[in-house]
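J.: Sequence:
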Amino acid sequence: MNCPNCQQNDFKVVDSREVEDGIRRRRECLGCGYRFTTYERIQPTAVYVTKKDGRREEWSKDKLLSGLHKACEKRPLPVGTVDRLAEDIEAELIETGRAEIPSTAIGDKVMEKLKAVDNIAYIRFASVYRKFTDVTEFKEMVDKLVSRPDADALTQLPLLLDTADRKMKRRKGHDAAVIR
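Counting from 1 along the sequence shown, just add 33 to a position and that's the residue number in the working numbering.
If you are wondering where the hints come from, they were derived from the structure by calculation, not from laboratory data.
C-beta atoms are modelled at their ideal positions from N, C-alpha and C, and glycine is treated no differently.
Take the hints with a grain of salt, since some may be wrong.
Below are the DSS-like pairs computed for lysine-lysine, each with C-alpha atoms no more than 25 angstroms apart in a straight line [said to hold, decoys possible]:
1) 94 <-> 45
2) 177 <-> 146
3) 85 <-> 96
4) 45 <-> 85
5) 94 <-> 107
6) 107 <-> 85
7) 107 <-> 45
8) 177 <-> 164
9) 45 <-> 84
10) 85 <-> 103
11) 96 <-> 45
12) 107 <-> 96
13) 84 <-> 107
14) 142 <-> 84
Label-pair restraints from in silico Cβ distances [said to hold, decoys possible]:
15) 84 <-> 108: 24 to 30 angstroms
16) 160 <-> 125: 36 to 42 angstroms
17) 73 <-> 41: 47 to 53 angstroms
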(Lines of atoms letter the chains of each structure in order from A and count residues from 1; the text may use other names and numbers.)
(Lines give C-alpha, C1' and ligand atoms only; values in the text may rest on other atoms or scores of the structure.)
Protein backbone atom coordinates (compact mmCIF):
# COMPACT_ATOMS: atom_id res chain seq x y z
CA MET A 1 0.00 0.00 0.00
CA ASN A 2 1.25 3.47 -0.85
CA CYS A 3 0.47 6.93 0.52
CA PRO A 4 -2.25 8.48 -1.69
CA ASN A 5 -0.40 11.81 -1.49
CA CYS A 6 3.30 11.02 -2.12
CA GLN A 7 3.22 7.29 -3.06
CA GLN A 8 5.69 6.28 -0.34
CA ASN A 9 5.03 2.99 1.44
CA ASP A 10 6.31 3.99 4.88
CA PHE A 11 3.55 4.93 7.32
CA LYS A 12 2.29 4.30 10.85
CA VAL A 13 -1.13 3.42 12.22
CA VAL A 14 -2.45 6.31 14.33
CA ASP A 15 -5.81 4.80 15.32
CA SER A 16 -7.61 1.46 14.89
CA ARG A 17 -11.30 0.84 15.52
CA GLU A 18 -13.67 -2.00 14.90
CA VAL A 19 -16.53 -1.07 12.62
CA GLU A 20 -19.62 -3.04 11.62
CA ASP A 21 -17.97 -5.27 9.05
CA GLY A 22 -14.24 -4.91 9.63
CA ILE A 23 -11.55 -2.62 11.00
CA ARG A 24 -11.04 1.09 10.31
CA ARG A 25 -7.46 2.37 10.54
CA ARG A 26 -6.17 5.96 10.47
CA ARG A 27 -2.68 6.02 9.00
CA GLU A 28 -0.03 8.72 8.75
CA CYS A 29 2.62 8.77 6.05
CA LEU A 30 6.10 9.09 7.58
CA GLY A 31 7.36 10.78 4.40
CA CYS A 32 4.91 13.67 4.00
CA GLY A 33 2.74 13.53 7.15
CA TYR A 34 -0.47 13.00 5.15
CA ARG A 35 -3.23 11.19 7.10
CA PHE A 36 -5.66 8.81 5.45
CA THR A 37 -8.15 6.09 6.39
CA THR A 38 -8.12 2.45 5.35
CA TYR A 39 -10.71 -0.26 5.93
CA GLU A 40 -10.01 -3.94 6.35
CA ARG A 41 -12.81 -6.38 5.57
CA ILE A 42 -12.96 -10.10 5.12
CA GLN A 43 -13.24 -10.92 1.44
CA PRO A 44 -16.04 -13.45 1.15
CA THR A 45 -15.46 -16.39 -1.13
CA ALA A 46 -17.70 -16.58 -4.15
CA VAL A 47 -20.84 -18.62 -3.58
CA TYR A 48 -22.57 -20.17 -6.56
CA VAL A 49 -26.19 -21.19 -6.97
CA THR A 50 -26.87 -24.47 -8.78
CA LYS A 51 -30.06 -24.22 -10.80
CA LYS A 52 -32.48 -27.11 -11.41
CA ASP A 53 -31.21 -27.46 -14.99
CA GLY A 54 -27.60 -27.77 -13.80
CA ARG A 55 -26.48 -24.23 -14.64
CA ARG A 56 -24.40 -22.33 -12.08
CA GLU A 57 -24.81 -18.63 -11.28
CA GLU A 58 -22.93 -16.46 -8.84
CA TRP A 59 -24.97 -15.70 -5.69
CA SER A 60 -26.92 -12.46 -6.04
CA LYS A 61 -28.45 -10.84 -3.00
CA ASP A 62 -30.22 -8.45 -5.39
CA LYS A 63 -32.16 -11.37 -6.91
CA LEU A 64 -33.16 -12.50 -3.43
CA LEU A 65 -34.29 -8.98 -2.49
CA SER A 66 -36.24 -8.68 -5.74
CA GLY A 67 -38.16 -11.89 -5.04
CA LEU A 68 -38.83 -10.87 -1.44
CA HIS A 69 -40.02 -7.40 -2.49
CA LYS A 70 -42.44 -8.90 -5.01
CA ALA A 71 -43.84 -11.32 -2.43
CA CYS A 72 -44.16 -8.64 0.26
CA GLU A 73 -45.46 -5.87 -2.01
CA LYS A 74 -48.31 -3.89 -0.43
CA ARG A 75 -48.17 -5.95 2.77
CA PRO A 76 -48.31 -4.20 6.16
CA LEU A 77 -44.82 -5.23 7.24
CA PRO A 78 -42.60 -3.09 9.46
CA VAL A 79 -39.94 -1.03 7.70
CA GLY A 80 -36.77 -3.03 7.16
CA THR A 81 -38.43 -6.45 7.35
CA VAL A 82 -37.56 -7.44 3.78
CA ASP A 83 -33.93 -6.34 4.18
CA ARG A 84 -33.66 -8.19 7.49
CA LEU A 85 -35.10 -11.34 5.90
CA ALA A 86 -32.56 -11.12 3.06
CA GLU A 87 -29.71 -10.60 5.55
CA ASP A 88 -30.84 -13.59 7.62
CA ILE A 89 -31.23 -15.86 4.61
CA GLU A 90 -27.87 -14.83 3.15
CA ALA A 91 -26.11 -15.32 6.51
CA GLU A 92 -27.63 -18.78 6.99
CA LEU A 93 -26.64 -19.86 3.48
CA ILE A 94 -23.08 -18.56 3.84
CA GLU A 95 -22.76 -20.17 7.29
CA THR A 96 -23.10 -23.55 5.62
CA GLY A 97 -19.61 -22.97 4.23
CA ARG A 98 -20.57 -24.50 0.91
CA ALA A 99 -19.25 -23.01 -2.33
CA GLU A 100 -22.35 -24.20 -4.21
CA ILE A 101 -25.90 -23.98 -2.94
CA PRO A 102 -28.86 -25.56 -4.75
CA SER A 103 -31.52 -23.04 -5.77
CA THR A 104 -34.07 -25.30 -4.08
CA ALA A 105 -32.34 -24.75 -0.72
CA ILE A 106 -32.62 -21.00 -1.21
CA GLY A 107 -36.29 -21.21 -2.22
CA ASP A 108 -37.11 -23.44 0.75
CA LYS A 109 -35.31 -21.04 3.12
CA VAL A 110 -37.23 -18.06 1.69
CA MET A 111 -40.54 -19.90 2.12
CA GLU A 112 -39.66 -20.83 5.71
CA LYS A 113 -38.85 -17.20 6.58
CA LEU A 114 -41.89 -15.75 4.80
CA LYS A 115 -44.22 -18.27 6.46
CA ALA A 116 -43.09 -16.97 9.86
CA VAL A 117 -43.58 -13.33 8.86
CA ASP A 118 -46.62 -13.03 6.58
CA ASN A 119 -48.93 -15.73 5.22
CA ILE A 120 -49.93 -13.75 2.12
CA ALA A 121 -46.29 -13.07 1.18
CA TYR A 122 -45.61 -16.77 1.73
CA ILE A 123 -48.47 -17.77 -0.61
CA ARG A 124 -47.35 -15.26 -3.26
CA PHE A 125 -43.79 -16.58 -3.21
CA ALA A 126 -44.90 -20.22 -3.12
CA SER A 127 -47.22 -19.74 -6.10
CA VAL A 128 -44.24 -18.74 -8.24
CA TYR A 129 -41.60 -20.98 -6.64
CA ARG A 130 -43.64 -24.20 -6.59
CA LYS A 131 -44.95 -23.66 -10.15
CA PHE A 132 -48.38 -25.12 -9.46
CA THR A 133 -49.89 -26.89 -12.44
CA ASP A 134 -53.50 -26.43 -11.36
CA VAL A 135 -55.69 -24.73 -8.81
CA THR A 136 -56.10 -27.87 -6.67
CA GLU A 137 -52.38 -27.95 -5.83
CA PHE A 138 -52.55 -24.29 -4.88
CA LYS A 139 -55.69 -24.85 -2.79
CA GLU A 140 -54.02 -27.76 -0.95
CA MET A 141 -51.12 -25.50 0.03
CA VAL A 142 -53.48 -22.78 1.27
CA ASP A 143 -55.55 -25.36 3.18
CA LYS A 144 -52.41 -26.67 4.92
CA LEU A 145 -51.47 -23.13 5.87
CA VAL A 146 -54.93 -22.34 7.24
CA SER A 147 -55.23 -25.62 9.14
CA ARG A 148 -51.98 -25.10 11.10
CA PRO A 149 -52.77 -25.16 14.82
CA ASP A 150 -52.77 -21.63 16.20
CA ALA A 151 -51.56 -20.25 12.87
CA ASP A 152 -52.34 -16.70 13.90
CA ALA A 153 -51.08 -17.12 17.46
CA LEU A 154 -47.57 -17.85 16.18
CA THR A 155 -47.08 -14.48 14.53
CA GLN A 156 -49.83 -12.21 15.81
CA LEU A 157 -48.84 -9.54 18.33
CA PRO A 158 -51.32 -8.43 20.99
CA LEU A 159 -53.23 -5.28 20.06
CA LEU A 160 -53.09 -3.70 23.51
CA LEU A 161 -50.70 -4.06 26.38
CA ASP A 162 -52.08 -5.22 29.70
CA THR A 163 -52.93 -2.11 31.73
CA ALA A 164 -51.02 -3.52 34.72
CA ASP A 165 -47.88 -3.43 32.58
CA ARG A 166 -48.34 0.23 31.70
CA LYS A 167 -47.58 3.26 33.76
CA MET A 168 -48.16 6.77 32.56
CA LYS A 169 -45.37 9.13 33.42
CA ARG A 170 -45.03 12.81 32.81
CA ARG A 171 -41.72 13.72 31.20
CA LYS A 172 -40.68 17.23 30.16
CA GLY A 173 -44.27 18.33 29.75
CA HIS A 174 -45.23 15.39 27.50
CA ASP A 175 -47.18 12.27 28.38
CA ALA A 176 -45.25 9.13 27.57
CA ALA A 177 -46.12 5.49 28.10
CA VAL A 178 -43.42 3.68 30.00
CA ILE A 179 -43.49 -0.08 29.61
CA ARG A 180 -42.00 -2.23 32.31
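J.: Would you mind marking each hint as holding or not holding in the structure?
T.: How the hints compare with the structure:
{"no.": "1", "hint": "94 <-> 45", "result": "violated, 37 angstroms"}
{"no.": "2", "hint": "177 <-> 146", "result": "holds, 17 angstroms"}
{"no.": "3", "hint": "85 <-> 96", "result": "holds, 16 angstroms"}
{"no.": "4", "hint": "45 <-> 85", "result": "violated, 52 angstroms"}
{"no.": "5", "hint": "94 <-> 107", "result": "holds, 21 angstroms"}
{"no.": "6", "hint": "107 <-> 85", "result": "violated, 30 angstroms"}
{"no.": "7", "hint": "107 <-> 45", "result": "violated, 52 angstroms"}
{"no.": "8", "hint": "177 <-> 164", "result": "holds, 17 angstroms"}
{"no.": "9", "hint": "45 <-> 84", "result": "violated, 48 angstroms"}
{"no.": "10", "hint": "85 <-> 103", "result": "holds, 22 angstroms"}
{"no.": "11", "hint": "96 <-> 45", "result": "violated, 42 angstroms"}
{"no.": "12", "hint": "107 <-> 96", "result": "holds, 19 angstroms"}
{"no.": "13", "hint": "84 <-> 107", "result": "violated, 29 angstroms"}
{"no.": "14", "hint": "142 <-> 84", "result": "holds, 15 angstroms"}
{"no.": "15", "hint": "84 <-> 108: 24 to 30 angstroms", "result": "holds, 28 angstroms"}
{"no.": "16", "hint": "160 <-> 125: 36 to 42 angstroms", "result": "violated, 23 angstroms"}
{"no.": "17", "hint": "73 <-> 41: 47 to 53 angstroms", "result": "violated, 20 angstroms"}
Hint compliance for this structure: hints 1, 4, 6, 7, 9, 11, 13, 16, 17 are broken, all remaining hints hold.
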